[in-house]
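**Student:** Chain by chain, the residues run as shown.
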Amino acid sequence: MTRLDSSRSLRWLCTLAAALALVVVLFPVYAVIVGSFESTQTLFSGTFYWLPHAATLANYSTVIQAQSGHVLTSLIVALGTAALALIVAVPAAYALSKYRLRVTVVLVSSLLICQIVPSIVLATSLFIVFHWTHLVNSYPGLIIADGTYAIPFAILVLRAFFFSLPNEVMQAARVDGASEWQTFYRIVVPLARSAVITVAVFAFLNGWGDFIFALTILSGSGIEPITLGIYTYLGNYSTDWGAVMASAAFAMVPAGVMLVLAQRYIASGLTAGSVVG
Amino acid sequence: MSYADMKPGAGAPAHTISATRQGSTSHKTGGTQKTGHLTAWRRRQLAGWLFLAPAIAYILFAFALPIVYNVMLSFELTSPATIGHFTAPFAGLANYRFILNDPTSTTAIIHTFEFTAGSLAGQFIIGFALALLFTVRFPGRTVGRSLVIIPWLLPLIVTGVIFKFLFQLEGGAVNQLLIDIGIAHHPIDWLDNPHLALWTILIANIWLGVPFFTLLLYSALQDVPVEVKEAALMDGAGPWQRLRLVIVPIIMPVIEITFLLGFVFTVKVFDLVIGLTGGGPANATQLITTWSYNLSFQQFSFGEGAALNNILLVLALICAPLYLLLSRDSLRRSSGAAR
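Sequence lines, in order, name chains A and B.
So the first sequence is numbered by my numbering: it starts at 1 and just counts up by one.
So the second sequence is numbered by my numbering: it starts at 1 and just counts up by one.
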């Protein structure tokens, strides 16, 4: 009786603790939404209002005019990064798990090391290499650079997934006369659908959220993703916080959409990539 | 083992069978069969290499070339005029000498260590506490577990900007809270006080990294067998003893790899600091990454930036052998279908 009571109250205590933690986790996101609806006067009044105070849509109308081009740019970059990651990673992961090649150990080790390399190291050299190869200020250049976040991770996650596919599936296809490419494209890729989606979601978020390569590789060109747009807003001495927060709200949309639509893929990708990786 | 197994004819039964069946006249036939086998094997090898080709090309262009080029740059005397060219005059160790004598560079290196150590400690303690919390079956834990990963999904620059908004001197939510509940009487200058600014970026980074620790440690805790926990309970172990003597040793491999990846993520942090403080005030939050950016892209001293980059790279790669060691099962694993 007492034990049951205590365990029940313990559970509610846990709910309370979790709720408190979630308030801390979610508050910054909440503050963006509140801030994005505040007027400039409110934001410069020196007081933070916990609930929207004299809500207005003015910031959104400013931002929709100023940032919709940047949102489009970000979408192109994010989709391009996802496409590049899939084109490079899916076949490579398949080869690294289902073919016995002499290069496998070397390549998997170098992928693990690629994950460690800091982006600033790559950005400094890529800026000059891209100058040389005429990839500065271009979508292909930025997408190639953004792929450095996604591709090593994608190959390692997909490789771990392909190990779970029974070899008999491929052998059956070969017995039926399928070529290596047909086996891969018609049989293996459809079976790996969930892992492929996980990888695409992550690559999309990487391309969408990239800032460092946009900052370094797109120097003063017409191409400007939303992350760079937000940073430019900040640059002034008197920051237009309403506009910054409305832009930040736009920049958070894909994360929100992915969280709702691809929840299980995200969680499984995070753990798979890190523990198996 | 892997390569020898694949060799056609090495213990391949087809040859032996055909040889016995057809007796002494089988020399020629055996030969053709061997060739047929060989082409199938070759075709598969070729297919495997073709599947790998885009990845190999990508790694060479986007990783190997920049890394090698970065080493070259660090030994060159660069100037804005040399950017268009692939090489610049040789500078010897001048760039490295500059970095070691530059007070901002050395403090940036020290800040990076402090920031990394502080972040990992905070992320582990809070992340582990939350992971333990989520193992209890309480109402709302599924929703809680899925919402807790939100910080991990936001663009890092956005997180930096949000925290700048929250930590503003006037009208920032953090100061408002501290004043409303009576902890502080005056707004605290989180971002412009050089002694506090490093704490501010640390707090933001802990917020950012906790979900990663929580998720990984939670999934490790889920894998601890119930029997083990029950046995410890039967033996009269208290909650703290169960945690310290039973659960932690079991999940130790995951703790190690989480710390390792956390270290790698944290030494890379750039966007967050640029958005939050831009390395200021008075270089108080300058990390290796932000100072390297400043050297290369604001002062156009690419050689010096590259030298600092190489120091960062060595720092990050210190844990590479350990990472490879911890991932050795995955490395060794092979399930060749093309047997």
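Where hints are given, some of them may not hold.
As the list claims (entries may be wrong) - Okay, the calculated bits of chain B under chain A, using three or more residues with CB under 8 Å as the criterion: (1) 51-58; (2) 64-77; (3) 100-110; (4) 114-122; (5) 236-249; (6) 261-273; (7) 302-314.
Hints are computed from structural coordinates only; laboratory data are not their basis.
Every residue, glycine too, gets a C-beta built ideally from N, C-alpha and C.
**Student:** Each hint should be assessed against the structure and marked as holding or not.
**Tutor:** Against the structure, the hints:
Coverage of a stretch by a chain is defined here by at least three residues with a beta carbon nearer than 8 Å to that chain's beta carbons; for the stretch 51-58 of chain B and chain A the count is 6, and the condition holds. As drawn, the stretch 64-77 of chain B meets chain A at 6 residues by the rule of a beta-carbon pair under 8 Å; at three or more, the given contact holds. Given a C-beta distance limit of less than 8 Å, the hint that chain A covers the stretch 100-110 of chain B is violated, as 0 residues qualify and 3 are needed. Coverage of the stretch 114-122 of chain B by chain A is violated in this model, with 0 residues showing a Cβ closer than 8 Å to a Cβ of that chain against a need of three.
Remark: the stretch 236-249 of chain B is not confirmed as covered by chain A, as 0 of its residues place a Cβ nearer than 8 Å to a Cβ of that chain, below the required three. Residue count for the stretch 261-273 of chain B with a Cβ under 8 Å from a Cβ of chain A: 6. That meets the three needed, and the coverage hint holds. Only when three residues or more bring their CB closer than 8 Å to a CB of chain A does the claim for the stretch 302-314 of chain B stand; here the count is 7, and the claim holds.
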